[in-house]
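K.L.:
Next come the chains, spelled out residue by residue.
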Amino acid sequence: MKIERELMRGAGPTAVMRLLSRREMYGYELVEALSKETGGVLAMGQSTLYPMLYNLEAKGLIEAEWRSAESGRDRKYYALTGKGTKKLAEDTESWRALVGALASLGVLGPASVVAGIGGGGVPA
Amino acid sequence: MSGANKNPRADRDDRGEIEPGPSADALAGGAQKVWAVLNTEIGRTPRRDRRGHRSLKAMLDEAELPGEVGSAIRAIVSRTRLWRGEKLDVAQELIAHARDGLDAGTEPADLAAAMGEPKKVARLIRRAMKRKRHWTWHTRAWLFRVVAGTAGVVVVVAGVMTARFFLGDPDPKRNFIAEMNAPFLGYSEDERSWPGLRDVNMAVSAAAETVERDMERRANERRVSETLTDEERSLEFDQPGISIRDSIDKRHPDYETMVSMVRDLQPTLERSRELASRPIVGMPYSTRWPEDTDWSSVPNGWIEAPLPETDDVAEQDMLIGVMLPWLGPVRGQCRWLALDARVAADDRDAARVVANVAAMLGYAEQIDKDQILISNLVSLACTELARMTLGRVMHEHPGLLERDQLVGLAHRFGRVRGLFDEIPLEWETNMFEDVLQRAYTDDGHGDGHLTNEGISILSTLSSISFSAEEPISSTVGAANTLFLSSRAEQRRVYTHAVALLRTDESAGYEMFRGRELESDTWADERRHGDGFDPASLLLPALGKAVATQAIGRARIDGTLVAIGATIFRMDTGVWPASVSELTPAYLPDVPEDPFTGGPMRLGVNGDGSLVVYCVGRDGDDDGGLMDPSKESASRPKANGLDPREARYFEQYDAVGWLSGPAGDPFVEAIDGDWVLFPPR
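Going down the list, the sequences are from chains W and V.
Under numbering that gives the first Met the number 0, the first residue of the first sequence carries the number 0, and numbering increases by one thereafter.
Under numbering that gives the first Met the number 0, the first residue of the second sequence carries the number 0, and numbering increases by one thereafter.
Mixed in with the good hints there might be a few duds.
What the hints assert, rightly or not - Just some of the chain V residues that point at chain W, by a computed CB distance under 10 Å:
1. Gln91
2. Gly100
3. Gly104
If you're looking for bench data, these hints aren't it; they were derived computationally from the structure.
In this text, a Cβ means the ideal position worked out from N, Cα and C, and glycines have one as well.
This is chain V alone, in the form it adopts within the complex (with noise of 0.2 Å):
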C-alpha cells in the first residue's frame, strides 16, 4: 500500500455498469435516444460543476442510493465543512460502505440509521479529517489563531479601557485650598505682612520705576559705545544698577544713585523690617482672581487680593494653580534690604544692618510657611541673601557689629538653617492628590481610572496637546492613555519617588563625593514615558533642589564657623587656630566639609582677614585659595580668563558641580577651594 490516501476513481461509475433505462413506454422516440446517449459511457461521465469540480450532489445521483441513505450521507458530509476533495473521498467511502451494507442485505433504514446523528457526525469527522491535513496547514492555522486571538485580546481589552475612559467621571471631594488656609485662619492682621507688604512693594516699585528706566537706557547706551573695558565689564558696568542691587559695586556708575534711592526709601524700608519680623505672609490661598485683571499691565511685584475661593471642590481650579504672588515681591523686598545694609555698614549703623539682615532671614522664614518647593527655595534665596550681605558687611567692616549682635545673628541663621534639611512635599503631595482626584474616578478605596476629563488635565500640564481642533494628536493622546496606570498604581509610583529623595536627603553630602541622585535617575528614567504619566509630570527631578539645599546648608555653616570666628577673636584677640577650636564654646559641632566628610577648614589670609573653605570638588586644601585668580576674580584678563568665565568661578566656587557635570574639561580644571567665607 502506498500510503497515500488518492481516490483515482473518484470520477468514475461506482459499479461500472449500465444501469437499465427507462421502459421505451415511459419514454417517447426522441427522449428515447437522448436517454440512450447520456446512458453510455460518455453520459454517464459524473457531472461537474462550472469550474469543473466534481459536485457532491452529482456522486450521490451517479451512487443511486436508495432515498433515505443517500440523504443521510448528504446531510453529513455537507455539515463536515471540510475542502471539497476531502469531501468527496468521505462521500465516496460512506457511498461504498452503504453499497457493502446493501449487498450484504441490511435493510437501508437501518443503514440510514447506523450513519448517526448528522450534526455530530459531521463534528467528528471534521475533526479527525484535519488532523490529517499537511503540517504546512496546521502551522498556518495555529498563526492565524495566535494573530487573531491576540488581535481580539487588544480589541476586547482596548474596547474596555475606551468604555470604562469615557463612561467615568471624576469625583472630586477634598478641599485642599481650605486646608491650605486652615493653619493661618487664627493669625491676626498684627500677625500677617499682608496686605502691608502689598503696599511697601508697591512704593518701592513706584519709586524705582523712573530710575530704572534711566538706568537702562544708560547701561544700552554703554554697550553700544563699546568703550567699557574688561575691568568695567566684570563689574557690571553693562547691567543697570538696578537689576544688581545686592551686589552692586561701589565703582559701578549706577551706585550712587542707587545709594540715593535706599536712602529716599528709608520709611517703607523701616516697614518693610517691621513687616518681615512677622510669623506669616497671611494672603489667602487661592485660584480665583478678578476676570478683568490685565496681567499685561501688572507691574513688577503687584500684589492684588484674590477671590474668595468657592467652596464647591469641583468648581475650584487646580491646587497646582494655586497663586504665590508674594514669592517675587519678597526676593525684591530682601534685594533692597541688602543694599540697605550695605549703605548702613557705610554709615557705620551697625544696627541697621543686622536689622536688615534679620529681615531678609525673617522673610526666608514667612515664606518657607507655605511648604512648598517653590517658596523653600525663594526662601533659600533670602537665606543666601542675608548670608552674603552679613559676610561682606563682615569681612569690609571688621569690629562693625557688636558682639551681642553677631551672638543675635547666629542664633538666627541656626534657626534657619532647619528650613533647609528636608524638601517640604506635603503640598507637592497634595498637588499631586488633587490631580489624581480630577483625572481619575473614585471607587472609594483609593483607586479608579483615569477619564476623558483628565486626559485635558494631564494635556494641561505636559506639552502634549489634546484638542477637539486637533484629532490627532487627540486619538495619539487617548491611545496612550489607554494603556496608563491606575489611579492607586500612580499614587504607589509617586510614594515610591518620594521615598528615593528622602533617600538622597539622607545621604547627606554624599552626592558632592560621586553617589548618584536616586531620584535624579528615576526622573529620566520616567521622562521617557508617553507625556501623560501625573507621577512624573508632578514630581519632576528634583536631584538639583537637594544639591541646592546642600549647599545652602554648608554655606550657611561656613557664615556661623566666621561669626564663631569673630567672636573668639573678639574674645582672646586671635583667630582660632581650627574649626575645632570653636566648639562648644561658639559653634555646637564642627560643620562637615562635603567633599571630605572631614571638619570645615579656616585660615588666615595674608591681610590678616578670616577665610572659611571646604577643599573643593579637586579635594585638595588649597589654603582657601580660589582658583583661578586665587585672590580676585575681578581680574580675570590677567588669567587668561573671559569676564564671564570668571562669573562662572564667582558664583559657583569650585563646588562647579551644580552647572558642570563630571568629564566636562572646564570643571575639571579647576584647582581651588570653595570659599564659604568671606563671601564673592
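Looking at chain W on its own, in the form it has when it is part of the complex (with noise of 0.2 Å):
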C-alpha cells in the first residue's frame, strides 16, 4: 500500500523514533523494520530516510554516532535524546487523537477498537 506523501511526512518521523526509542540503529535497520513491522505500509527508501534522520539529529530529538559493529563495519548508529523522548510522547497523543477522531467518523471502524493501535506506548 503507498501512503500519501502528506501522510508520510507526518507519519514517518514518529516512526523513526518509536523505532529508536528500542534501541540504537543504524540506517539499513531502520530501512528494514519500517517496512517488516509496518507490513510495508511505513517502508522508505534512503532517499527519505536520511534527509528525515538529519532534519530529526538538527532538530535534536536523535543523535548520531559513528562506531564499528563486530563485523569491523563502520555504521553510524542513531539513538532517541531526552527531547526526543517527550517529543515521541507528544506525537503519540496525537497520533492516538486523530486516529480516535476518524474512528468516531467510522473512517477507521469502532473507537474502541482502534483505540488500541499504537498500544505499545511510549518507552518510560
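Now that you have both chains on their own, put them together as the hints suggest.
P.N.:
The structure is reproduced here in C-alpha cells:
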C-alpha cells in the first residue's frame, strides 16, 4: 500500500523515533524495520530516510555516532535523545487523538477497537 | 553515545580486508610487485587531493560498490553542494547502507533505484544537513540574506527609478502666460497705464540722472570730510537727497534741489497721476525679451515692450520667469508723488496733495491686479507711502485738507485695505503647477515622476548646480532626485503649505500675541531637505509676508482713525475721547489693537495734536509715547542711542516684532507704544 506523501511526512518521523526508542539503530536497520514491522506501509528508501534522520538530528530529537560493528564495518548509529523521547510522547498522543477522531467518523471502525492501535506506548 | 557526529574512520578502509589482486597471469613481474605494494595497508590509505583532503572519488573507489550503486551515490553526494566533510559523511553513510543491502542480498539495481532521483534526494539531504550546522553559521547566513536582500531591493528600486527618470518626458499643456493675459485683453488703451507709464518713468529718470550724480558726489564729499554732526547724520545728510526723496527732511542740503526738480516735473507728474487713475497697468505678461537687450545699459526704471509670447507651451520659458518690469517704476513714481504731495502742502495746494495720495493708492490697486505675491507687497509699499504722506501732511498742516477731501481719501484707503486681507496665491500656485508640468511626466490623472529635464529646472531654481561638466554634483543631485516624491505628492505638500498659510492669516493678529506661524515652521522644516524639493523651493517662508500685511492693515486702520477723528473735530470742535466715539458716523468699526485684541487708542499730545496708537510689544499703555526718545527720534544722542539704532525705532516703532526676535535684549527693552499717527 502506498501512503500519500503528506501522510508519510507526518507519520515517518514518529515511526522512526518509535523504533529508536527501543534501541540504537543504523540506517539500513531502520529501513528494514520500517518495512517489516509496518507490513510495508511505512517502508521508505534511503532517499527519504536519510534526509529525515538529518532533520531529526538537526532538531536535537536524535543523535548519531559512528561506530564499528562486530563485523568491523563502520556504521552510523542513531539514538533517541531526551528531547526526542518527549516529542515522541507528544506525537503519540496526537496520533491517538487523530485515529480516535477518524474512528468516530467511521473511517477506521469503532473507536474502541482502534484505540488499541499503537498500544505499544512510549518507553519510559 | 557521545552525540558528536564524528566519523573517526572516514580515512580508513571500510572492510579492513586485503582485496584479492589481479591474477599473476594478468600482471607482468614488475607490475605485480607494484600491485603488491599498493595492496598493503599503506597502499590502501585513501587517496587525498593536493591539499591533503580525502576525496569522494577515492572513497567510492575504495568502496568498490557495483557500478550503478556507486554512480548513484556519487550523483547524489556531488549534487548536495555541501561542505567537503559533510559530503564525505553522507557518502560514508550511503556506502555503509549500500553494503548492508548487498550483504542482505539486495540486487544492485534495486539498491540504486532505492536511492531515488539524485537531484531531488541531494536537495533534501542538503537542506537537512544545513539545518545541522552550528548556530553561528545560521546567523551569518541570515545576516548575509538580509544584507544581500536589502542591497538587491535597493539596486532594483534604484534601477527602476533611474530608468523612469531617464525615460520619462514632461508634456506641458497649460499655457499659463495666455491665461494670465486673458483677463486684460478686453481693456482699451485708455484703460492701461502702460505704455504711458514707460514715458513718464523715462522722463523722470532722465531729469533725475544728472541731479542724482551731483547729489551722490556731494554726499560722498560729506562722508569723507567727516564733518557731519550726529543730528545731520540722523537727518540723512550722508545720503543723496534723491535716494530719500519721499522722506527727505527740509533741512537736508539737497532739499531745495529736490523741490525744484519736482516743480519742473509737474507736467510729467500730472500725467503720472492721470495714468494712476486707470484700472490696469496693461503691459502684456511675457517671458520673452529681445535677445539683443543690453541689460547692463538699461536705465533705472526701464520699461520696454516684451516680445509676443509663443503659443507653443513647450517653447515658453517657465512662468516663474514672467517679467513684471513695471513694479520698480511704479514704486519710483510713488516716491516722486509723495515728495510732490509734501511740496504741495507747503504750497497750500490741498487738491494736489489729495491727487498725489490718491495716485499712489491708484498705482497700488493697479499692480495688485497681477495677483502675484511680489506685486501685492509692492502694492502695500505704495499704500504705506500714501499713508505716511497723508499723515505727515495732516499733522504738519492741520486744517489744510477739507472735510470732503478727507472723506474721499478715507474711502480710498478703506478700499485698498481689502487688498491686504490675504496673500494672493493664485499665480504663485500656477507658477508651481507650471514647474510641475515642465519637470514631471504626466500620467493624465495629475500624477507623474521627475524627469531628467526636471532636474535641470529644479537645479536652476535651487542653489545646487547640475551640469554635465560637474559630474559629482550632478550625480549627487540625481541620487537625491531618485528619492523625491511624485508630482501628486508634491502638489499635496504644496496644498498643505497653502492651507497652513491660510490658517495663519485667519488667526488675524494672534501672531502679535505670541502665536507661532505654522507656515514658517513648515518652511523651516522643508528647508532642511535636499534642495530639489519644488514645493519648498516655490513656497518659501511666507510668515513674514503675513506679518507685513497685518502690520499694513493696522497702519491703514490708524490712518482711518486719524481721518475720522479729524473730521470729528471739524464737526464738533474737539477731539474724540476714544476711538469708539467715532463709530458709526466716522468709522464703521473700532479697529483692533493687534497687541491686545482690544480697541485701538487715541490721545491728544501736549501741543494739542492727535496721536493714534496701539500699546506695542510691551503690552502697556504709555499714552501714545514711543520709546526711547518719547518725543523725537531726531535727538538720539541725547537718549544715549546710536543714530542707526534710533532709525530702528523709527522704522519699526514699538512693534519690534518684524526684525527683533523674542529674547533679543535690544527688542525686549522697548518700552513704549506703537504710534500709527502721526507717522514718523
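K.L.:
Please list, smallest to largest, the hint numbers that this structure does not respect.
P.N.:
Number 3 - this is the single hint that the structure violates.
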